[in-house]
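Student: Sequence:
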Amino acid sequence: MNDPRTPEILVAPTTTARARAAGVPRARGTLIPALLFAATFATTTLCGMAWASGALDPLQELALLFGIAGGQLPLAVVGEGLAYAIALLGFFLAHEMGHYLTCRRYGLAASLPHFIPVPFGFGTFGAVIRIRSPFPDRRTLFDVGIAGPLAGLPVALVAVVWGLVTADVAPASGLSGGGIWFGDSLLTYGLQHLLRPDAAGGELLVGPVFIAGWLGLVATAINLSPAGQLDGGHVLFAVAPRWHRAASLASGLFFASLVVTRAAVWGRLSPWALWAVIVLVFCRRHPPVPDGRPLGAPRRVLAALALVLFVLIFVPAPLELIQ
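In numbering that gives the first Met the number 0, the protein residues as written are 0 to 322.
Keep in mind that the hints were calculated from the coordinates and are not lab data. Note that this is a predicted model, so its numbers are computed, not measured. Some hints here could point you the wrong way.
Label-pair restraints from in silico Cβ distances [claimed, not checked]:
#1 185 x 127: 24 to 30 Å
#2 78 x 170: 39 to 45 Å
#3 170 x 103: 18 to 24 Å
#4 284 x 75: 46 to 52 Å
#5 33 x 310: 33 to 39 Å
#6 189 x 33: 20 to 26 Å
#7 290 x 30: 37 to 43 Å
#8 319 x 276: 38 to 44 Å
#9 34 x 81: 25 to 31 Å
Here a beta-carbon is modelled for each residue, glycine too, at the ideal position from N, C-alpha and C.
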C-alpha cells in the first residue's frame, strides 16, 4: 500500500514513444520507402517511355536517353513516360495511403507504402504497407479494407478518361502489324462508347496514361476480390465472417474457370492463371477479428457497392498480343 505522504511519480511517455504507439513512422523508417519510391518512379518512367515509343524495351529507352545507343529520343516520348509514371504511382500511392491514413485514424501501427520496382512490363508490381497492430473490431477492419480502393479508384478513372479522350483511332484492319490489346471491363466498354463514338468500327490507339489508369482499375478489381486478406476479403469478413471461406474458394474457382475456358476455346493461357493458383492456395483464410461495434447500415450498403464495383471493373481477358 502506498504511503500517502510519499509523492507519486508519474512517467510521461516521450514524443517518440507516443509516435511509435500511434504508428507514426520514424525518420529511419522513411528512408527505405523513399528509396523504393524513387526507384519505382525511374522504372515506371522508362517503361512508360517504352509503351509510348512502341519498343516495349525499357533498356533501349534508357540507352537512347543517355546517348549510349545511336539515335535520339524525342522529348514527347520522355513526357509520356513521365505522365505514365505520375498516373500509375499516383494511383498506387492514393490506394496505399488510404489504408495508411485510416490505420492512423484508428491508432493502428502501420508502415509507409513500400513500392516494388521492376525494370520491365509495367515498371512496378505495385505497393504494400505492413499493418503491425491487430484489428480491434470488424468495423475497423472494414474501414481499413475499403479505404484503399475508394482512394485509388478516382485516380485510375481520371487516367482512363483522359487516355480515351486523347486516343487516336485506327481501322481494325490496320492493327495487323503487332501490338497489345487491352481488354475491356464493363466500365471501360461503356466509357469508350460514351466518350469516343467516333471509334465505332475501328480501334483506339491508347497511350501510356490510359495504360496506367487501366492497370489501376485491374489492380482495384484484384484487391476487391472477396478472398483471403485482400481488401475485398477484409470487407467480406467484416460483414459476414461465416461466408468468408466459401467466398474465397468460389473466387479461386472463378479465376480457374477463366483459365480453363480460355485454354479450351482459344488454346491459350490466361493471364489469370497465376492469380487463380495464388487465390486457391494462399487466400483461403482470414485471422479472427472481434465483433466489437456493429457495422451499421451505411457500411453494409458500401460493401454491396464494392461488390458491384468489382463486377463493373473486372477484366475477364486482360491482355492479348496482336500478331
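Student: Using the beta carbons of residue 319 and residue 276, state whether their distance is inside 38 to 44 Å or not.
Tutor: With a Cβ separation near 21 Å, residue 319 and residue 276 fall outside 38 to 44 Å, so the hint is violated.
Student: I want to verify a distance hint. Is the separation of the beta carbons of residue 34 and residue 81 within 25 to 31 Å?
Tutor: Given a distance of about 19 Å, which is not inside 25 to 31 Å, the answer is violated.
Student: Return holds or violated for the Cβ distance of residue 33 and residue 310 against the range 33 to 39 Å.
Tutor: holds (37 Å)
Student: Taking the beta carbons of residue 170 and residue 103, is their distance inside 18 to 24 Å?
Tutor: Distance hint for residue 170, residue 103 is violated at roughly 52 Å.
Student: Between residue 290 and residue 30, does the C-beta distance stay in 37 to 43 Å?
Tutor: holds (39 Å)
Student: Please check whether residue 284 and residue 75 have a Cβ separation lying inside 46 to 52 Å.
Tutor: Since residue 284 and residue 75 have Cβ atoms about 49 Å apart, the given range 46 to 52 Å holds.
Student: For the range 39 to 45 Å, tell me whether the beta carbons of residue 78 and residue 170 fit it or not.
Tutor: Hint violated: Cβ distance 27 Å, outside 39 to 45 Å.
Student: If I claimed the Cβ atoms of residue 189 and residue 33 lie 20 to 26 Å apart, would that claim hold in this structure?
Tutor: violated (39 Å)
Student: Holds or violated: the 24 to 30 Å window for the beta-carbon distance between residue 185 and residue 127?
Tutor: holds (28 Å)
Comparing the model with each earlier hint shows violations of hints 2, 3, 6, 8 and 9; every other hint is respected.
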